Every structure is written in structure tokens, then in C-alpha cells.
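There are 2 protein chains.
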Amino acid sequence: MNRFVYLLEEAQGLDRDTLGGKGFGLVEMRRAGLPVPPALVVTTEACRAYLREGHLPEGLWEEVKTKVRALEALSGKAFGGGAGGRPPLLVSVRSGAPVSMPGMMDTILNLGLNLEGVEALARATGNPRFAWDTFRRLIQMYGEVVLGVEGQAFEALLEEVKARRGVSDAGLAPEELEEVAFRSLRLLEERGLVFPMDPWAQLRGAVEAVFRSWNNPRARVYRRIYGIPEDLGTAVVIQAMVFGNLGEDSGTGVGFTRNPATGEKGLYGEYLQNAQGEDVVAGLRTPEPLERLRGFAPRLYQELEATAALLERHFREMQDFEFTVERGRLYLLQTRSGKRTAQAAVRIAVEMAEEGLITKEEAVLRVDPNALPALLRPAVNPDAAPRPLIRGLPASPGAAVGRAVFSNEMAERYASQGVPVILVRPETTPEDITGMYLSQGILTARGGLTSHAAVVARGLGVPAVVGAEGLRVEKDRAWIGEKEIQEGELLTIDGSTGAVYLGEVPLLEGAGMEILDRLLAWAEPYRTLGVRANADTPEEAQRARAFGAEGIGLCRTEHMFFKEERLPWVRKLLFGTPEEEDEALERLFQYQKEDFKGILRAMDGLPVTVRLLDAPLHEFLPPVASPAGEDQEAMAEEGRGRDLKEVNPMLGFRGIRLLLLRPKVFQMQLRALLEAAQALKGEGLDPRPEVMLPLVSDPKEVERAKDMAQALFAEFFPIPFGTMIETPRAALLAEKIAPLVDFFSFGTNDLTQMTFGLSRDDAGKFLPRYLEERLLSSDPTETLDLEGVGRLVRLAAEEGRRANPGLKLGLCGEHGGEARSVLFGSAFLDYTSASLYRLLTARLAAAQAGLRRVRA
Amino acid sequence: MNRFVYLLEEAQGLDRDTLGGKGFGLVEMRRAGLPVPPALVVTTEACRAYLREGHLPEGLWEEVKTKVRALEALSGKAFGGGAGGRPPLLVSVRSGAPVSMPGMMDTILNLGLNLEGVEALARATGNPRFAWDTFRRLIQMYGEVVLGVEGQAFEALLEEVKARRGVSDAGLAPEELEEVAFRSLRLLEERGLVFPMDPWAQLRGAVEAVFRSWNNPRARVYRRIYGIPEDLGTAVVIQAMVFGNLGEDSGTGVGFTRNPATGEKGLYGEYLQNAQGEDVVAGLRTPEPLERLRGFAPRLYQELEATAALLERHFREMQDFEFTVERGRLYLLQTRSGKRTAQAAVRIAVEMAEEGLITKEEAVLRVDPNALPALLRPAVNPDAAPRPLIRGLPASPGAAVGRAVFSNEMAERYASQGVPVILVRPETTPEDITGMYLSQGILTARGGLTSHAAVVARGLGVPAVVGAEGLRVEKDRAWIGEKEIQEGELLTIDGSTGAVYLGEVPLLEGAGMEILDRLLAWAEPYRTLGVRANADTPEEAQRARAFGAEGIGLCRTEHMFFKEERLPWVRKLLFGTPEEEDEALERLFQYQKEDFKGILRAMDGLPVTVRLLDAPLHEFLPPVASPAGEDQEAMAEEGRGRDLKEVNPMLGFRGIRLLLLRPKVFQMQLRALLEAAQALKGEGLDPRPEVMLPLVSDPKEVERAKDMAQALFAEFFPIPFGTMIETPRAALLAEKIAPLVDFFSFGTNDLTQMTFGLSRDDAGKFLPRYLEERLLSSDPTETLDLEGVGRLVRLAAEEGRRANPGLKLGLCGEHGGEARSVLFGSAFLDYTSASLYRLLTARLAAAQAGLRRVRA
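Read top to bottom, the protein sequences are chains E and C.
For what it's worth, this note's numbering labels the leading residue of the first sequence as 1, then goes sequentially.
For what it's worth, this note's numbering labels the leading residue of the second sequence as 1, then goes sequentially.
Bear in mind the hints are in silico, worked out from the structure with no lab data behind them.
Incorrect hints may appear among the rest.
The list treats identical chains as one, so a pair stands whether inside a single copy or across any two.
Unchecked claim - Straight line, CA to CA, 30 Å or less: simulated DSSO-like cross-link-like pairs of lysine-lysine:
#1 K765 x K700
#2 K664 x K765
#3 K475 x K645
#4 K65 x K483
Only a predicted model underlies this, so the values are computations on that prediction, with no experimental measurement involved.
Make the full structure from the sequences, and use the hints.
What follows is the structure, encoded as C-alpha cells:
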């Protein structure tokens with residue numbers, strides 16, 4: 001009766017949690033009829049009991065012994081040497097947790113050998129060299145894993161003998177390997193340690209060592225980093241050894257059922273002749289592409305192709321498998337779902353559905369929506385990438401190669417000659433727009449994922465890495481540690497991973513929209529949540545519509561102000577004399593009206609939500625010494641702008657506060673919007689503007705603003721009137737605000753910052769370490785924090801709807817295009833609004849949410 | 001049957017809402033047997049109907065007429081002239097809302113006169129000059145109030161006649177006043193207006209004008225500012241005129257039943273002989289102290305004293321009353337509760353209770369706890385104060401006079417000679433502590449009520465005015481507008497009102513604790529809420545205990561770091577090399593341990609809650625060019641402190657974030673606390689330290705900190721472990737945090753800032769205008785915002801207690817000493833913690849809350 005230990009043939013129906021990933025894969029492969037060496041699995045339950053009680057649980061060892069006897073029978077070999085003339089049964093003892101933790105825990109191979117066994121193995125294989133090499137390896141591995149001796153000590157012995165003989169590993173004779181084995185045994189003795197010659201003692205020691213390795217420091221760190229529960233425990237797989245190092249007709253390899261970089265269908269992988277898996281890992285010899293087998297081992301290649309097909313049919317997923325060929329015979333040792341690039345993920349899902357391997361719905365659910373933004377852009381080829389020089393935050397996906405430039409002027413100089421550039425800045429401000437626009441990529445030393453650089457880069461669709469700690473940017477050069485980066489130096493940045501490389505790194509082209517369109521076509525019928533775009537210009541509006549946006553959920557009018565030719569007028573408006581103010585109002589009115597016309601035209605028939613001015617005042621101040629003439633010093637002398645510097649601009653004089661106290665700005669913006677809409681109506685179009693208030697924290701603010709809007713609504717026509725919910729207080733008072741408006745739009749960027757008391761611009765100082773140390777399970781500026789911020793959003797949604805059943809609810813801000821956040825919102829929102837390059841993510845995530853509901 | 005109009009004798013039992021404040025006072029005075037001229041009251045209900053319907057409501061006019069007939073009977077005079085030989089009945093028509101709105105609405109006197117009436121009046125009084133003067137005044141007032149003519153036009157006529165005759169008002173003969181009257185009538189005619197000679201038409205016009213004046217612009221603004229509902233409406237009092245201007249035996253005056261400045265018992269007020277109330281208002285003649293009547297009109301003085309006593313017995317409150325003496329006969333025209341200073345309020349309440357006029361419980365409830373801090377400090381004498389030069393925020397109560405100084409050095413120079421100084425700074429930093437300590441008062445140009453200057457000043461007990469917009473401070477001088485303030489110039493500041501005066505303004509000494517102790521002795525038995533103090537030094541702890549603190553609820557360890565000799569060590573700790581860090585840890589450890597010993601000793605037997613380091617890092621940086629040697633430039637060159645400048649320091653790298661990532665700081669502080677406690681235990685004392693975490697936003701932070709504390713708790717002894725709830729997220733996740741801690745302390749300063757998205761340091765740019773325009777009904781940094789922040793506090797309290805029934809709940813921060821906030825908290829908190837000078841407020845407010853619960 002099994003309690004803790006199962007042969008593969010007995011374990012069908014047990015789950016991955018019990019068998020561990022490796023054990024589960026072996027059981028399934030055997031069930032699928034694939035050649036798997038006989039094995040038994042000690043369950044995770046046994047590991048948990050061991051760790052709890054500090055010793056092997058009652059009865060476990062007896063079970064193991066019984067099952068090893070069964071292995072003997074299945075393999076026709078004898079554990080513990082050549083008793084009865086049978087060849088010795090050697091086993092591997094491997095860890096295998098329910099969740100993959102590659103390399104974190106211990107493994108011992110070749111277990112079961114002793115002095116008698118070596119002789120028997122030499123006889124059985126006719127290869128004494130192999131037998132002594134195998135024994136030597138066992139002593140070393142056991143010494144390291146079970147007895148805790150540093151591997152270096154054993155390597156030194158081997159090196160000594162090699163040096164004496166002046167040969168490489170392969171050149172060593174059996175006698176020399178025997179010498180190494182004996183000296184290894186003596187090494188242990190000298191340290192007061194004993195290598196057990198009893199194979200059962202070896203096995204028991206190995207099983208306990210694997211159990212203990214669950215709690216080794218690197219495994220604990222790994223679990224903390226990846227959020228893997230501490231109490232899962234690991235299973236132990238004890239499997240009859242097969243040997244890839246028995247000659248030219250043996251070998252070892254790794255296969256993928258499809259290309260993990262491109263997703264292309266077909267066998268892909270590597271093979272190393274006459275070797276054990278460990279030799280590949282050690283990097284002593286370079287494996288060859290599997291493709292080569294076609295030529296010199298066509299039968300094996302065919303067999304591998306058939307195996308790949310069978311694995312995919314069985315697991316209905318792309319598999320990454322390990323195999324060994326022993327004297328021409330193929331054995332499968334492991335299989336698991338293969339890691340893949342974003343491109344590959346989509347292509348595999350779509351093609352598997354088209355091949356009938358999975359359903360279209362499954363294909364839709366298999367693609368991680370968050371990976372889509374990277375999909376359309378070039379990516380760093382993971383196979384060809386060197387170690388990055390430095391890492392920052394992945395602010396705008398895609399990779400770019402270009403010459404380092406440090407100013408607008410430099411960017412213009414290179415761009416005019418058609419040379420691609422990467423703009424490198426300490427951080428960006430509206431003054432840098434020209435340079436950002438001309439660049440293939442943007443790199444900054446400071447700022448978070450929603451800093452100016454990040455937001456503008458995503459808007460422009462330019463890859464960007466921001467907040468690269470360790471990067472120091474000066475006027476015309478930069479430093480990364482000791483390394484100086486000069487103007488014109490080639491850089492590669494990867495905005496999907498945050499990596500920054502020196503020189504040109506090979507890139508993979510982005511996928512076309514074509515394959516994605518097929519996936520989205522299957523997905524969209526399940527989507528009930530509306531998807532709008534964040535877009536601030538007519539061009540962005542056009543692109544948003546092309547990407548399937550059903551309107552604009554957030555048009556940030558302050559971004560319309562951040563244009564070089566407009567900034568002087570904005571400054572006059574905000575800080576000028578009354579005459580300057582009036583002139584500026586007129587100029588900006590014309591600019592905004594034209595912008596609004598373009599945007600409304602691009603979104604004809606679809607809603608366009610315009611958020612009135614919301615930026616801290618001092619963002620509009622010129623830099624302290626601006627080359628453009630007027631600078632802060634001059635303004636300060638004149639006494640204007642003097643008091644504009646704020647201690648906490650995030651929580652300062654902006655948004656509705658500014659609009660209520662500077663009503664002319666409010667009137668100008670709303671009039672520009674209404675006149676623009678009226679003009680388009682005159683052309684027979686169907687403009688659908690909506691107006692939205694920023695930074696509201698009290699219903700009185702909304703009331704006052706609504707009063708201010710009434711005259712213009714009367715002069716033109718009323719349009720939907722709404723408010724951002726982006727302060728915690730607005731959420732808490734939703735019930736009182738809701739009756740005053742037509743819609744709420746949750747501004748989860750600011751709401752997150754205020755709820756946590758965490759400034760996105762400053763979080764670089766602690767957030768990375770918080771994530772590393774798992775003080776937070778995910779970055780709340782990226783993925784909506786459901787417990788805190790999400791609770792406020794839900795509360796406001798429920799209380800708002802109760803007070804105004806017709807209230808429309810939307811979400812804008814970065815979370816509006818993040819999959820988990822969209823999933824959360826799809827349960828109760830009318831629409832989400834995402835930045836341009838996250839639109840596809842939002843569409844797919846919303847569709848997945850709908851699909852899950854249908855299936856539930 | 002009365003619907004809208006009541007004679008005083010009919011109106012008993014009607015309330016202030018119906019009769020208005022003035023009408024109600026008259027009814028009550030009549031009931032108390034005081035001499036009140038006959039009058040009728042048109043109710044607020046009539047006004048509301050008029051404003052709703054746009055005309056006098058059905059039946060109202062008939063009621064008025066009937067009641068005026070009754071007035072005729074009561075007064076023995078005839079309305080509309082001398083019919084039947086009776087003297088003409090003149091009436092005043094006055095507004096009187098349920099809530100006092102002094103001067104906001106209209107009044108007409110002398111109504112009922114026409115050409116015939118003038119003659120009759122002259123006959124009846126034997127004084128034609130008086131009769132024509134009265135008529136002239138009526139025409140002018142009617143012209144202004146009912147017909148909307150500017151008063152200036154009438155004044156010009158009068159001036160012209162006076163100039164021609166070369167006399168003052170009093171010198172005009174009856175014929176000349178007659179001329180003015182006729183020319184006034186012609187003036188109206190020329191503008192197409194008519195002064196009705198029919199007294200009934202006059203009355204009707206006046207009543208409607210008073211009704212309409214409810215909605216005049218200045219009344220609307222006043223109501224918005226003081227939060228008075230728009231729909232109350234005003235009552236109208238129509239009262240038989242009495243005349244104080246009929247000769248030397250006539251006059252008019254105002255009396256207080258006790259001294260409104262000091263509270264001293266006894267008649268207090270002013271009297272003007274041979275005058276109408278309007279003459280006092282016009283300021284043409286200066287009234288004399290009532291006291292003088294003792295000499296030349298002892299009978300009248302006695303009568304007024306008896307009146308005052310009667311009023312107090314009747315109203316059980318200090319009264320402010322208006323009276324007129326007509327030919328030796330006293331008439332009372334108005335009474336209301338008198339405004340008073342904080343000092344007076346306490347003295348009056350206490351003495352009235354001791355006199356048996358009111359109960360001790362009533363006395364307790366009558367004192368505004370928020371007024372107490374001002375009570376113990378000198379105050380600007382309101383009678384003697386000139387117009388302030390400028391106003392800032394009242395940051396620390398009390399008034400101070402001293403010489404302007406602009407630096408520590410200047411303060412030391414003056415102080416060494418015993419000269420009192422006012423420290424004037426743009427804003428203060430820890431570097432300014434010496435100067436602040438040596439000053440009698442502190443004045444800053446920037447900063448809010450919880451800025452460094454404000455917090456430190458309250459801690460030191462020094463009056464302070466902060467954030468005085470319009471003040472510009474340079475190195476060795478300051479400017480207020482065009483006025484230059486030089487070193488040594490005398491200034492007076494009033495930290496209770498925010499006023500800043502040039503030169504020395506007379507001050508009133510603060511009350512002693514003695515009278516307050518009497519009040520608190522009656523109050524305290526009703527208090528159930530604990531009251532602790534915010535205190536950071538042994539001296540503050542001692543004073544807190546003397547003021548009745550039952551422990552320390554907030555000991556801010558960062559304030560212990562802000563001492564001149566310690567700052568270099570703090571800088572080494574935070575920004576230095578590892579060796580410097582270790583040395584600094586040791587030094588600061590010794591400092592903190594000594595401080596903790598002193599504090600725990602002062603609070604022997606009472607809890608002391610120590611909050612671990614919580615200040616934005618850059619607060620510890622030296623100023624850009626510090627005279628003290630090491631400056632930021634130098635540090636920046638060395639690459640230390642380089643990245644410390646934060647965009648939003650409020651939301652940055654501080655509090656628990658810093659403590660978790662710099663565990664040595666955490667360990668040092670906790671060890672210092674535990675060693676200090678152990679040392680005192682060795683002395684046989686009973687130290688009760690508690691440790692508190694700042695800026696928590698997630699339970700994992702608390703868990704990690706608790707892990708870090710365990711070793712020290714094991715080495716010494718465990719102490720209560722708690723957390724601030726000062727981010728919205730901590731409140732929202734209270735249920736998960738509560739089981740990990742022994743107590744929550746609501747840090748409503750930060751919680752308010754984050755919930756509103758409002759930085760206290762920057763709110764000066766919009767908060768004053770928000771309050772002025774009633775976009776907020778009170779300053780949320782002063783009075784806890786119950787709807788938003790209060791909702792979070794309640795939610796966290798309830799969910800926290802549910803998850804951990806033993807959880808102790810406290811409130812610290814500025815609201816902990818604000819009466820309305822304490823009232824709110826007393827329903828569910830265990831204790832509140834207030835700054836030193838707000839301790840009495842907290843104690844009284846908590847007692848009032850308990851008393852109200854007992855009475856409810």
C-alpha cells in the first residue's frame with residue numbers, strides 16, 4: 001500500500017502538487033507511451049513530514065526499499081552491485097518541486113555504486129574507464145551534496161592527475177580515474193567523513209539531502225523572490241540511470257516542440273554526442289543544433305520528431321524536454337511547458353488552435369495580454385544578447401539601437417543625416433520633446449514608470465528605459481560606473497526588460513499585426529468592457545482608432561500645452577501680467593480648438609473625454625537656465641513665478657484647484673472644446689466630446705465647476721460632465737459626487753500614489769528593494785493593488801452607482817492597459833482607457849475576462 | 001388669529017427661528033419685566049413666503065395693519081400723524097435673522113412721518129428742530145433702503161447747507177433742516193422716484209425692502225462665508241420709536257453684563273448723551289464709559305445694573321444689550337449673548353457656576369476647548385490693536401513683542417543683553433533651533449500649520465505666525481510690501497490670530513492656570529478618553545505631566561535628531577562611509593538612550609510611545625551653503641547625498657521604508673529605548689515604553705519589523721508594539737495589520753494630506769481661498785475631516801478591533817488636540833495625544849464629550 005512512494009505506473013491520477021513537476025511529467029510521458037527509464041517518486045507529502053519531524057517519516061524507508069526492488073525487476077538490473085550476475089542498477093536522485101525552481105535544489109547521479117559495483121559495471125558495459133569515471137563522479141557529487149564538501153577540492157585532485165599526464169578529461173586512462181576515485185575517498189576520510197559503500201545508505205543519505213535542500217539559502221531566496229509558498233516541499237524522483245556517455249551511439253540533448261524564440265512549428269534544440277547532461281551544463285563541449293541529426297542520425301531525428309508531436313498532443317502545449325540516447329536507444333528524462341518569447345507565445349497559441357490541438361478559446365486564454373506591447377516592436381534576441389551594462393525600468397517596450405545624444409541639438413544633428421539616436425538624459429522635461437521625437441530610444445537616469453519620459457515615450461511609441469540607477473548624465477557625456485559614454489557611442493536599449501547594452505545588439509523584428517488580428521478576432525466577441533485610448537493629439541487619436549479604440553478615455557490637455565512653441569504662451573497665461581494673460585488665453589484657445597477638432601474628427605462618432613488642465617504649475621516653468629531666452633532667474637527677478645516651487649507638487653496647487661481659482665483657464669478650455677465640436681457638427685460629423693475634472697476631492701468643487709460650465713453649455717450645447725476619482729477622498733465621498741456628474745473615471749495612477757503615500761518619482765529609492773525582498777508582491781504603479789486601491793475603486797463604484805444609477809464608470813491611467821487590473825475592472829466598469837501601446841493588452845485582457853465569465 | 005405677525009405679548013413660546021434673534025430677545029426681555037417699547041414681529045415664515053412668491057403673502061398686510069393698531073393702543077400714539085390729538089406713532093423697521101448677521105441687512109428708523117406728522121411731532125415734543133431732523137433722516141433712509149439712491153447724494157445736500165451756514169449738524173436751525181428735507185424730496189422727484197406721504201405705504205415699502213435685503217450681495221457673501229443656510233429668511237421687527245436725542249436727559253448706549261475682555265463681573269459699556277444709536281455708529285461723537293453714569297446719573301446707572309442682573313438671571317448667559325433713554329426713561333431695544341475673549345469665556349463660565357446662575361456642567365460645556373491654548377499666553381488687547389501690517393497663519397498661540405532678528409547669531413547677540421527678539425525667517429530648519437529657542441516669537445514667510453516652524457514653536461511654547469504671504473525675508477532684513485524691516489525693529493506678533501504688527505502693541509496678560517483648574521476639576525470626572533501628550537524631550541515630558549498628560553502618545557525620534565550637535569552624526573549615519581556610519585550609530589545611540597531615560601523617568605508609571613525615525617532623508621542634509629562647514633555641495637562632490645533630493649518627499653523614502661532597508665538604524669533606536677528602560681528598572685522605577693512604526697502601508701512591513709525586533713525583545717523584555725495608521729492603505733488594510741500589533745495610532749496629519757492629495761506645505765496657495773469661498777467648510781489640517789479622513793479612521797478602528805479585540809486605539813498629530821476631532825474620536829478611541837499646548841483643549845474636549853454622552 002502506497003503512502004509516500006509510487007512507481008510511475010502506480011502514480012496515474014496523482015497531481016503535480018504531490019508528484020512535483022518532474023515526477024508528474026515522467027508519469028504522463030510514460031502514460032503517453034514514451035520511453036521513460038523506470039522510476040519511482042517520493043511525494044512532496046514525505047518531504048513536508050521530514051521537514052516537520054526532522055527525520056524520515058515512519059514507514060517511508062521501507063516503502064522506498066520495496067519500490068527499488070520493483071525498479072530492479074523492471075530494469076533487469078540489481079541495486080547494490082552485480083548480485084545474481086545482473087548488471088548493477090544505478091539511479092539518479094533528483095528533486096522536483098510542484099513549481100519549477102531550476103538549479104535551486106540538489107541532484108545526485110550514478111547512485112548505487114561501490115567497489116564491487118564498479119567491477120560489475122565495467123564488466124556489464126565492457127568499459128572500465130566508464131565505470132571508474134562514473135564512480136569518481138558519484139563520490140564527488142555525494143561528497144558535495146550529502147557531506148557538504150566544496151566541489152573545488154575534488155576538481156583539484158582531477159586537475160592534478162590531468163596535469164601530471166598532460167591530458168584532458170577524455171585522455172585519462174581507467175587506472176588514472178581509479179586513482180582519482182581512491183584519492184577522493186581519502187580526501188573524505190581526512191575530513192572525518194565517510195562515503196558509504198552500502199548503496200542503501202547512499203540512497204537514504206541522498207533522499208534526505210534532497211529533502212533538506214528545500215530549505216537551503218538559495219532555494220529560500222528564490223521562493224521569496226517568486227512568491228512560491230514555503231510549505232510546498234519537494235518530491236524526489238529516483239530513476240534508473242541511462243548513460244549518454246557510452247560511446248558514439250550515445251548522447252544527450254534538449255528539445256523544444258516549437259521554436260521558443262519565433263514560435264515556428266517544428267523540432268528545435270541541441271544535442272551532445274557521447275556525453276551526460278552534466279557535461280552540457282559544465283560547458284566543456286558545445287552542443288550542436290538538433291537539426292544536424294537529420295544528416296547523421298536520421299532515425300533518431302525521426303523518433304524525436306514523433307516524440308515532439310506526441311508530447312504536444314498529450315500536453316496540448318509547447319514542451320521543453322530532456323532526453324538521453326544510450327547505445328542508440330532514446331530515453332526521455334523530463335518534460336515541461338517551454339518558456340517562450342512574446343512573439344512565440346502568440347504564434348504558438350494561434351497555430352495550435354488552427355491545427356486543432358487546442359480550442360480557439362484556449363488560445364485566447366493562453367496569451368499573456370501584458371506581453372503584447374512588446375510584440376509589435378523589435379526585441380533583443382535573447383540568444384545573442386551579452387550581459388547588460390546596466391538595468392533601468394522598462395518604461396516603453398521594444399528595443400532600439402542608436403548613437404548616444406544628450407540634447408535636442410545633438411539629436412537634430414544626427415537625425416538630419418539619417419543616423420538613429422538614443423536620447424540620454426538625467427530625466428526629461430517638456431523642453432526635451434524635440435529630442436524625444438527624433439530618437440529611436442530614450443534612456444534616463446531618474447524617474448519611474450509614469451515619469452514624464454515614460455509617459456511621453458509610450459505616447460510616441462518610442463522604446464524607453466528610465467530610472468537607470470548608476471547612470472550619471474552630464475551636459476555632453478554620461479557615465480555608467482567608471483565607463484564613460486561619449487556623444488555618438490552606439491547603445492542598445494531594451495524597453496521591455498530595462499536592459500541597456502553597450503554597442504549594437506542583434507534585434508529580432510517585431511511580429512506583424514496579422515497574427516495578432518487572428519487572435520483578437522477570436523477574442524473580441526467575449527469582450528463586454530469598452531476599451532478606449534489615452535491620446536492627446538490628432539495623430540495619436542488616429543492611431544488609437546486603428547488599434548481598435550472605441551473612443552478616447554483620457555485626453556490630457558496639459559500634454560497639449562507641452563509643445564515647444566506653446567510653452568511661452570502657457571507661461572504668460574499662468575505667470576504673466578493681466579494683458580499677457582489675455583493674449584495667451586486667446587492664442588492657447590486657438591491651439592486647443594484646432595487640436596480638439598483634429599481629435600474629434602479622428603474619433604468621429606466615438607466619445608472623447610477631455611480632462612481639463614492638470615499639471616503642477618512649476619512644470620511649466622522654464623528650466624533654471626533655459627537656452628530659449630526667458631529663464632527662471634529672470635522671472636524670479638520680476639517677482640513672477642517666485643512662489644511656484646512646491647515642496648510636494650503631487651499634492652499641490654493643480655487640477656481642479658487651479659481651474660476653480662483661475663476660471664479663465666477653465667472657460668478657455670471648455671469653450672475651445674465646444675467650438676471645435678460645433679465646427680465639426682457644421683461639417684455633418686458626429687463629434688462626442690465629454691469634459692472631465694482632475695484632482696477632485698470634494699463634491700463642492702464639482703458643483704462649482706458645473707456652475708461655471710453652465711453658461712457655455714447654454715451658449716453651445718450640454719456635453720457629458722464627469723470627474724476623475726483620483727484622490728482617496730473623492731472615492732470615499734463618491735456617493736455625494738455621483739449625483740452631480742455623468743461619469744467617473746478612476747485615475748489609478750494618482751490614487752495609488754496617495755493611497756500608499758508613495759511618489760512614483762521617488763519610489764526608485766525603495767520600491768525595487770521592496771519588490772526584491774517581497775515586501776510587495778508586485779509593483780503597485782504597474783499592477784493595480786486590489787486590496788488597498790482596488791477596495792477604494794470598488795467602494796466608489798458601488799456607492800456612486802447607488803447614488804446615480806446612470807453613472808458611467810471608466811478607468812484611465814497606466815493600469816487601464818494592464819491585464820490583471822483590467823480583469824479586476826471588467827467586473828463592474830463600463831470601459832477602460834489605455835495608452836496607445838497598451839490598447840491591444842486592454843482588448844485581450846478584457847476579452848479574457850469575458851471568456852472566463854462565460855466559462856465559469 | 002396670527003399667521004405671520006405677533007405682538008411681543010403674543011409671541012411667547014415661539015422660537016428664535018420664527019422670530020429672529022432680535023424679535024426673540026425683545027419677547028424675552030418683555031417677559032422678564034424689562035421696559036421694552038411696544039413692537040410686533042413679522043416672522044421668518046413670511047419672509048420665506050415673500051421670497052418664494054415674489055410678493056407679500058396673502059393676508060400678511062391685513063395682519064400688519066391690525067397689529068399696528070394695537071401698537072397705537074399700547075403706546076397711546078397714532079400711526080400716520082396726530083389724528084385725534086394723539087402724538088404721532090413713529091416706528092423702526094428692522095431685520096432680524098435667526099442667526100446674527102450684523103450690518104448685513106437693512107433697517108429704517110422714524111417711519112410713519114409725513115408733512116402733517118412733522119407738525120404734530122413738533123407740537124408733541126415741543127421741539128421743531130427735532131421733528132424736522134427726524135423727517136429728514138427718514139427721507140434719506142427710505143431713499144437709500146427702499147428706493148436705492150446712494151446715501152452720498154443726501155449727505156451732499158446736508159453738507160451744502162452746513163457749509164453755507166458755517167456750522168456743524170448741531171448748529172442747524174429747524175428751518176435749515178426743513179430745507180434739507182424738502183430738497184431731499186425734490187432729489188427723489190428728479191430721479192423719478194417718490195417718497196410716499198402715506199405712512200402705510202412707507203411701512204409696506206420698508207417691510208418688503210427688509211425682506212429683499214435677505215438676498216442682497218453682501219448678505220449672500222456673509223452667509224456663504226459663515227455657512228449660514230440660504231433658506232432661513234429674516235424676521236422683521238416693527239417697533240415704536242423711542243428717542244435718545246430729545247435733550248440732556250436722553251441718550252443711547254450699549255451694555256455688557258460682564259467685561260467681555262477679562263470676564264470680570266459687573267456692568268460694562270458705553271453711553272452717548274442726547275443721541276440716537278446711529279450717531280454712535282457714524283462716529284461723530286465719542287461715547288463715554290457707562291461707569292461715568294455713576295457720577296452724573298446714579299439712578300440710571302443703578303437701573304442699568306439691575307437690568308444687567310435681570311438679563312443674566314433670565315438668559316443665564318453674559319448679555320450684550322442696547323438701550324435708549326428718552327427723557328430720563330430707560331428702554332431696552334436689543335439683547336444677545338455677548339462675544340468675549342477666551343479669557344473672559346472661562347472666567348464667566350466658572351464664576352456664573354459659582355454664583356449658582358448655571359450648573360457646573362453647563363459651565364464645562366460653555367467653554368470652547370479650542371480657545372484654551374490662547375488662554376495661558378499674553379494676547380493682543382483687541383481694544384488697543386492697530387490694523388495689522390500683514391497676516392499669516394496662527395501657528396502657535398499667544399502674542400509676543402520683540403526686536404526683529406534674522407539669524408541665530410543675531411538672536412544670541414540680543415538675548416545675551418536680555419533684549420526680547422522675534423526670529424524672522426523665510427522658513428525654519430533644524431539649523432534654526434538655537435534662534436527659535438532664544439526668541440519670544442517666531443515669524444516665517446512660508447510653511448503651513450504643521451511646518452517645522454509651527455511644530456517646533458508649539459513644542460517650545462513660543463508664539464508663532466507662519467506662512468505670512470507678502471513677507472519677504474533676506475539675509476539681514478525683510479520686506480512687507482514696500483516696507484523694509486531692519487534688524488532690531490520692534491514687531492508684535494499674535495500667534496492666536498496670525499496678525500503681525502509694526503512696533504509694540506499693548507498686550508493683555510494670560511490668565512493663570514488657577515481658574516482653568518477649577519473648570520477642569522468639574523470637567524474631568526466626565527472624561528473617559530485618555531489624554532496623552534506629544535513630547536520629544538525630557539523637559540517636554542515633565543511639562544506634559546504637569547499639564548495632566550497620562551502618558552506620551554507620540555515621541556518623535558527625528559525631533560531628537562534635530563539638535564545642532566547631533567546633526568553631523570545623523571548625516572554621517574545616513575550618508576557616510578560604513579565606518580562613519582558605525583561611529584555615528586554609537587554616538588546617536590548614547591544620545592537617544594539618555595533622552596529616553598529622561599523621558600521615561602518624567603513619565604514614570606505612564607506609557608511612552610516612541611515612534612521610530614520618520615523624516616524625509618533630505619531634511620537631514622545641510623542647507624546648500626551652510627555656515628557650519630560641511631555643505632551640500634561638498635557632499636554632492638563626494639557623491640554622497642547625491643540622490644537624496646526627492647520630488648515629493650512627503651511620499652518618499654522615509655518611515656518604515658527607511659527603517660526596513662537600514663536595519664541598523666532600527667536596531668539602534670530600539671536598543672536605546674530598551675536599555676534606557678532597563679536602567680530605570682534597575683533604579684526601581686516603572687518605565688512603560690512602547691514602540692511604534694511610522695508610514696506603514698502594508699502588513700508585511702509590520703511583520704518584517706516585528707521579526708527585526710524579536711531578538712532585542714528576547715535580549716531585554718518585550719514591550720507593546722504598534723503602528724501609525726497614516727496612509728490610506730494602512731487604514732484600508734487595518735484588518736490584516738491589527739493582529740500583528742498591540743496598538744494603532746492614527747496619524748491624521750499625513751492621513752489627511754494623502755486622503756485629500758493636499759500637501760500642508762503647499763496648501764497656502766489655495767487653501768485660504770478655498771476656505772474663503774467656502775469650497776471647504778473648515779481647514780482639514782486643523783479640524784479632522786469627518787466625511788473623508790474620519791471615515792477611514794472609523795473603518796480602520798472597526799475592522800482593526802474586529803480582527804484584534806485587544807487592540808488599543810489612539811490618535812496623535814495636530815487633530816489630537818482639536819475639540820471637534822477629539823469629540824469624534826472619543827466615541828471609539830482609547831486615547832488621544834496632543835501637543836503640549838493643546839493638552840488642556842484635549843482634556844476639556846474629551847470631558848465635554850463624556851458629559852454629552854451622560855446627558856444624552
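Structure-based check of all given hints:
| no. | hint | verdict |
| --- | --- | --- |
| 1 | K765 x K700 | between (37 Å within a copy, 18 Å between copies) |
| 2 | K664 x K765 | between (40 Å within a copy, 18 Å between copies) |
| 3 | K475 x K645 | both (24 Å within a copy, 20 Å between copies) |
| 4 | K65 x K483 | neither (60 Å within a copy, 99 Å between copies) |
Hint 4 from the list above is the single one not met by this structure.
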